[in-house]
Amino acid sequence: MSSAFEVLDCPVPASVQDLGRPGFRRFGVPTSGALDAVSLRLANALVGNPQGAAALEMRLIGPRLRALVPLRVALAQAEGVIDTAEGGRKALPPWQSAMLAAGDVLKIGKVTVGAGYLAVAGGFAVPPVLGSRSTYARAGFGQLLQKDMCLPVGQAELSGPERAVLPAPTFAAGPLRVIPGPQRERFTDAAWETFLCAGFTVTPQADRMGLRLSGPKLDHVAGADIVSDAVTPGAIQVPGDGRPIVLLADGQTVGGYAKIATVISADLPRLGRLLPGDAIRFAAVTVDEALAALRAQEEWLAATIAAIRPLAMGEPDLAALYETNLVDGVIHAE
Amino acid sequence: MRLRELGDAALTLELGDSIDRAVHAQVMAAYEALANESLPGVTDLVPTYRSLTVHFDPLIIDRQALIERLTAATTTPSKSVMAGRHVEIPVRFGGESGPDLAEVAKATGRSAEDIVDTLCSLEFTVYLIGFLPGFPYLGDLPDWLRLPRRATPRTAVPPGSVAIAGQQAAVYPWESPGGWHLVGRTEVRMFDAANAERPALLAPGDTVMFVRV
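Going down the list, the protein sequences come from chains A and B.
Just so we're aligned: 265 in our numbering is position 265 of the first sequence, and the numbers increase by one with no gaps anywhere.
Just so we're aligned: 189 in our numbering is position 189 of the second sequence, and the numbers increase by one with no gaps anywhere.
Hints in this document: simulated from the structure, not taken from any laboratory.
The model shown is predicted, which means the values in this text are computed figures rather than measured ones.
Glycine is no exception: its CB is placed at the ideal position from the N, C-alpha and C atoms.
Errors might be hidden in some of the hints.
Here are the computed distance ranges between Cβ atoms for each label pair [unchecked claim]:
(1) A:GLY154 with B:ALA102: 36 to 44 Å
(2) A:THR170 with B:PRO40: 30 to 38 Å
(3) B:LEU3 with A:PRO216: 29 to 37 Å
(4) A:PRO204 with B:ALA194: 35 to 43 Å
Based on the provided sequences and hints, a complete structural model is requested.
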């Protein structure tokens with residue numbers, strides 16, 4: 001478990017995340033964990049890890065990392081370029097694994113959605129805090145990535161071919177599905193109609209704690225404040241200004257604003273993919289429909305992982321070449 | 001009693017609408033009844049002022065069975081009611097440790113001494129932990145000591161700060177932004193992540209007294 005990656009550059013804070021830290025909410029500890037657990041699980045599967053291994057979650061632009069030892073990596077929702085120690089350069093498209101030799105530099109470019117993931121065989125072996133390697137910076141659980149930091153990686157078997165999800169996975173679009181919230185009756189019927197019929201836009205106030213939305217104002221019946229009670233990722237609280245806030249993985253465990261709705265578990269990864277400026281809509285479903293959607297997602301994920309196939313030695317990765325916008329400069333760098 | 005859906009993976013049992021020790025005692029009784037059972041698939045039980053939220057994995061636990069169990073927990077008294085712990089927290093009041101004590105005295109028309117005496121004479125109940133890991137909401141302050149939050153929150157409240165706002169007192173476990181009035185500071189560690197059994201010094205249902213040092 002020695003140092004395996006050296007951070008050469010990290011323009012936007014990135015953090016190690018796994019599937020989170022449940023079990024401590026009564027002590028005020030949020031679950032944290034990957035904003036898009038589906039992408040994290042796929043990236044881990046590509047490098048032969050357990051699905052919940054710790055990976056690097058990146059936003060907007062990824063870091064530049066130097067491999068200190070041979071490593072197998074895979075990207076989800078992001079693209080990279082490998083500058084090899086020998087002076088070569090090759091693209092690392094998403095959804096397929098690749099080997100890094102000691103001295104190779106991996107530059108991760110634009111993260112195409114709200115969160116991208118870098119998985120490494122063996123997982124990022126930062127010390128677990130309360131049973132999870134997920135970073136929660138507000139309480140000093142782990143550390144955000146910084147230039148010159150070194151990241152440890154666990155033991156892994158690196159033999160065998162590279163593997164890929166081909167074709168690249170596509171994710172469901174359409175309205176985000178919600179269950180009426182625990183304080184639905186604290187909103188006027190007109191506000192509920194508006195919530196379901198109008199569109200909202202993700203504002204720049206978007207981080208791992210939550211997303212502030214802009215759109216039509218949602219009116220309360222008797223004020224926005226409630227006696228604080230428990231919240232959860234996906235809960236949509238509406239403060240006095242009538243603008244909804246969707247809570248995410250690092251959101252507080254309790255809150256004092258009325259909650260109009262809760263995004264269903266199956267759609268939480270979709271919240272993690274949102275970027276400021278994205279337009280969203282909501283649609284109400286029943287708890288049974290939410291459960292069916294979650295089961296369907298688990299089945300899809302199991303089937304997708306089962307269909308991960310080896311890339312034959314030297315096989316040109318045409319699908320990825322056609323489907324991926326290669327990071328600046330790579331196309332001309334043959 | 002009302003059962004509320006907090007999405008497809010959590011249920012909130014509401015036992016009242018206000019901040020009230022009797023309601024909170026009911027919440028803690030329901031919490032203890034369920035905590036003693038360790039139901040598979042239940043990941044978290046979160047007691048608050050007036051409600052108990054059960055977070056669970058909907059792929060593991062049968063929702064209907066959970067609802068029945070929750071309902072039973074509020075009607076059947078817990079077999080072994082675990083009394084909360086009593087914790088004394090040594091506090092240095094005023095001066096650099098409590099930069100707002102003088103303002104609180106001015107706003108309430110009492111002396112700083114009166115305020116410290118009052119804070120050290122109350123047995124606080126830990127209603128809930130939230131806002132930050134280990135941040136306790138302690139109640140209740142007497143009516144005359146209830147002040148609105150500061151008009152301009154501080155961007156960085158030092159860790160260990162003992163603070164008041166409204167009917168509550170709290171101790172900041174971490175440096176954080178905050179709008180409460182800072183009256184003192186403790187060196188007691190409010191959160192220790194190495195203690196997985198009980199990482200926060202305080203848990204809902206505990207009682208707390210401040211001791212002047």
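Status of the hints after comparison with the structure:
1. At roughly 54 Å, the beta carbons of A:GLY154 and B:ALA102 sit outside the given window of 36 to 44 Å.
2. As the Cβ distance of A:THR170 to B:PRO40 is approximately 35 Å, the hint placing it in 30 to 38 Å holds.
3. At about 30 Å, the beta-carbon gap between B:LEU3 and A:PRO216 stays in the expected band of 29 to 37 Å.
4. For A:PRO204 and B:ALA194, the hinted distance range of 35 to 43 Å is satisfied, since their beta carbons lie about 37 Å from each other.
In summary, the structure is inconsistent with hint 1 from the numbered list given earlier, while agreeing with all the others.
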